[in-house]
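Asks: Here is how the chains run, residue by residue.
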Amino acid sequence: MTDKKTSTALEDGPSDGGRPLVELRDAGKSYGNIRALHGVDLAVHPGRVSCVLGDNGAGKSTLIKIISGLHQHTEGEFLVDGGPVRFSSPREALDKGIATVYQDLAVVPLMPVWRNFFLGSELTKGPWPVRRLDIDRMKRTADEELRNMGIVLDDMEQPIGTLSGGQRQCVAIARAVHFGARVLILDEPTAALGVKQSGVVLKYIAMARDRGLGVIFITHNPHHAYMVGDHFSVLRLGTMELSADRSRVGLDELTNHMAGGAELAALKHELAQVRGVDTEELPEEGDLRAPAAAPEEGRS
Amino acid sequence: MSMARQAEPAAVTPPPAPGPKESDGRTVRRPLALRLLARPEVGVFLGAVAVLVFFLFTAPPVRDGSSMANILYQSSTIGIMALPVALLMIGGEFDLSAGVAVITSALTASMLSYQLTMNVWVGVVVALVVSLAVGMFNGWMLVKTGLPSFLVTLGTFLILQGVNLAVTKLVTGNVATDDISDMDGFAQAKAIFASSFEVGGVQVKITVVWWLVFAALATWVLLRTKYGNWIFAVGGNKDSARAVGVPVTFTKISLFMLVGFGAWFIGMHNLFSFNTVQSGEGVGQELIYIAAAVIGGCLLTGGYGSAIGPVFGAFMFGMVQQGIVYAGWNPDWFKAFLGVMLLGAVLINLWVQRTATRR
Chain H
1 MTDKKTSTAL EDGPSDGGRP LVELRDAGKS YGNIRALHGV DLAVHPGRVS CVLGDNGAGK
61 STLIKIISGL HQHTEGEFLV DGGPVRFSSP REALDKGIAT VYQDLAVVPL MPVWRNFFLG
121 SELTKGPWPV RRLDIDRMKR TADEELRNMG IVLDDMEQPI GTLSGGQRQC VAIARAVHFG
181 ARVLILDEPT AALGVKQSGV VLKYIAMARD RGLGVIFITH NPHHAYMVGD HFSVLRLGTM
241 ELSADRSRVG LDELTNHMAG GAELAALKHE LAQVRGVDTE ELPEEGDLRA PAAAPEEGRS
Chain D
1 MSMARQAEPA AVTPPPAPGP KESDGRTVRR PLALRLLARP EVGVFLGAVA VLVFFLFTAP
61 PVRDGSSMAN ILYQSSTIGI MALPVALLMI GGEFDLSAGV AVITSALTAS MLSYQLTMNV
121 WVGVVVALVV SLAVGMFNGW MLVKTGLPSF LVTLGTFLIL QGVNLAVTKL VTGNVATDDI
181 SDMDGFAQAK AIFASSFEVG GVQVKITVVW WLVFAALATW VLLRTKYGNW IFAVGGNKDS
241 ARAVGVPVTF TKISLFMLVG FGAWFIGMHN LFSFNTVQSG EGVGQELIYI AAAVIGGCLL
301 TGGYGSAIGP VFGAFMFGMV QQGIVYAGWN PDWFKAFLGV MLLGAVLINL WVQRTATRR
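Here the protein sequences line up with chains H and D, keeping their order. Residue 229 in this note's numbering sits at position 229 of the first sequence, and the numbers go up by one each step. Residue 157 in this note's numbering sits at position 157 of the second sequence, and the numbers go up by one each step.
By construction, these hints were calculated from the structure, which means they are not laboratory data. Misleading hints may appear alongside valid ones.
Claimed, not checked - Per label pair, the in silico range of CB-to-CB distance:
{"hint": "1", "chain 1": "H", "residue 1": "S88", "chain 2": "D", "residue 2": "L151", "range": "21 to 31 Å"}
{"hint": "2", "chain 1": "D", "residue 1": "M136", "chain 2": "H", "residue 2": "D95", "range": "21 to 31 Å"}
{"hint": "3", "chain 1": "D", "residue 1": "L217", "chain 2": "H", "residue 2": "S121", "range": "20 to 30 Å"}
{"hint": "4", "chain 1": "H", "residue 1": "P109", "chain 2": "D", "residue 2": "V49", "range": "24 to 34 Å"}
{"hint": "5", "chain 1": "D", "residue 1": "L350", "chain 2": "H", "residue 2": "L271", "range": "55 to 65 Å"}
{"hint": "6", "chain 1": "H", "residue 1": "S30", "chain 2": "D", "residue 2": "K335", "range": "47 to 57 Å"}
{"hint": "7", "chain 1": "D", "residue 1": "L46", "chain 2": "H", "residue 2": "T74", "range": "49 to 59 Å"}
A virtual CB, placed ideally from N, CA and C, is assigned to each residue, including glycine.
Bound-form chain H, shown alone (with noise of 0.2 Å):
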């Protein structure tokens, strides 16, 4: 077991054939009786998008909130760089240089844009009894960040309710960016946006790759995983379904596991019984089970 992942990690290792940032062995959550999660690898390397698929229940968002520290993990191990961690908050996470960008909770919606981007982390100066934030400080770096970006906004003072969905996901984006993070998980930063949008957060992510930082990349849209992943795992009931590089597997097999291809195959057979019902354009049970199984043979 401990072996076949080794020889993951180093074969998944980009150039430099260093550790990952962090891992996943084995590892699952349990809330009470109910196993929310199990059996899950999972690798994110500097300078890649490794992008987690997976349907609504599938247990993603178990998963980031075991990375980001929301929560802890049960089974298996969870390390980063090489070391094995159980994180009890999220502070914990951020000065391990892990930062969650949320959907929905990125953000507090009254408050102005530059109070959000420095929240948690507000700069200051001044002693003790009258330390005090740095605002001009806060303001001016918030809005070089945000430029940075690409993003260009009249009014650092607006409060972040008022942005547009995108807006704020690339806000929280590049707060994580300029905090120094190594590893960014991203948890469906473009479900709610529209097309347009999406593509700007898409452009975001690729950004942050550039710069060297792993991505983790939650969604269940295949289309856009496939835009920027160079790895992609497909969860689907709390457990592993596909885990593969990008040479191996192709957009129409993505889309067909997250449509619940393996499932449909399965159950073709029973179908194939009953008459009338036509199973000519379902997919083969064989074509789906060979990335799934072999993503680490025959690489090198």
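With chain H fixed as given, assemble chain D onto it according to the hints.
Replies: Below, chain D without anything else, positioned relative to chain H:
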């Protein structure tokens, strides 16, 4: 002040990335008047001015300096408590036990020093500890159980109300505490909590000064410190705040303890200005504090408000309370007047926010 800052960012850096324009062209600069109205304290400021002008015309005695000092004193006893209550409200919670907690604090100080015949300062310090502990208990219960603050503090409210009466009767055999005015340290404590000084021939109570000092301090903390940022954040979106590393538990518990501090301060003022404490008092005051904070532009659901707003809110209360007396009307009308004022203020706030924050 904010105008000068707002104009600045546009000129900071030339856009390095291709594409971005100097402005996205969709946000039209709103007129100054509208931007001012978007501040939480502006609506209540206008309201307070209106009430003041109204009584200046209808009640001639109000124009006198000493009446104004009296009105300010009345406002300060509400205002000092309305401040921490407002901060707590911005932090997304409210405290129904704040009214009786004032009495609990005063009773503790009074009975402890009287029964043990000690310097009143011992009682004052113990009362502070008790008040902070009550606040801490409220906050801790809230954070640990996840129950709404309405339930938790309703429980504390009932407990304190019962304990106040029962313990006082048990200890003194009466519903009021004994007079402590001849005890050691009384004069000293009175100088701090309940003295008055003269300004231009008018006696001004020291609580007015404390009120304004606390208000200035609260404003500074709220707008200029990390902690203030956290208060807005935990009230605006607790989960976001936690996710970006804001210590939500610490912020909530400390806010409840701040209310405890306010209750202690007003409790001490009551004790040292009247020498004795009625154990059944304080019920209903918590709603006055909450009303002053809401009239002051704080959002009941949290995340929005100011410390200056409740100052004007408390002033409106004091003004109406005394103004009715000076106008020679039946003081029974006070509460009805208050109710109308509260509804009016809430409606104005709502309207102002909608108009001013519309894109």
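Asks: Each hint needs a verdict: does it hold in this structure or not?
Replies: Hint by hint, here is what the structure shows:
1. S88(H) to L151(D): 21 to 31 Å: Roughly 28 Å apart at Cβ, these two residues keep to the hinted range, so it holds.
2. M136(D) to D95(H): 21 to 31 Å: 28 Å, holds
3. L217(D) to S121(H): 20 to 30 Å: 25 Å, holds
4. P109(H) to V49(D): 24 to 34 Å: 31 Å, holds
5. L350(D) to L271(H): 55 to 65 Å: For L271(H) against L350(D), whose Cβ atoms are near 58 Å apart, the range 55 to 65 Å holds.
6. S30(H) to K335(D): 47 to 57 Å: Check passed, 56 Å falls within 47 to 57 Å.
7. L46(D) to T74(H): 49 to 59 Å: 57 Å, holds
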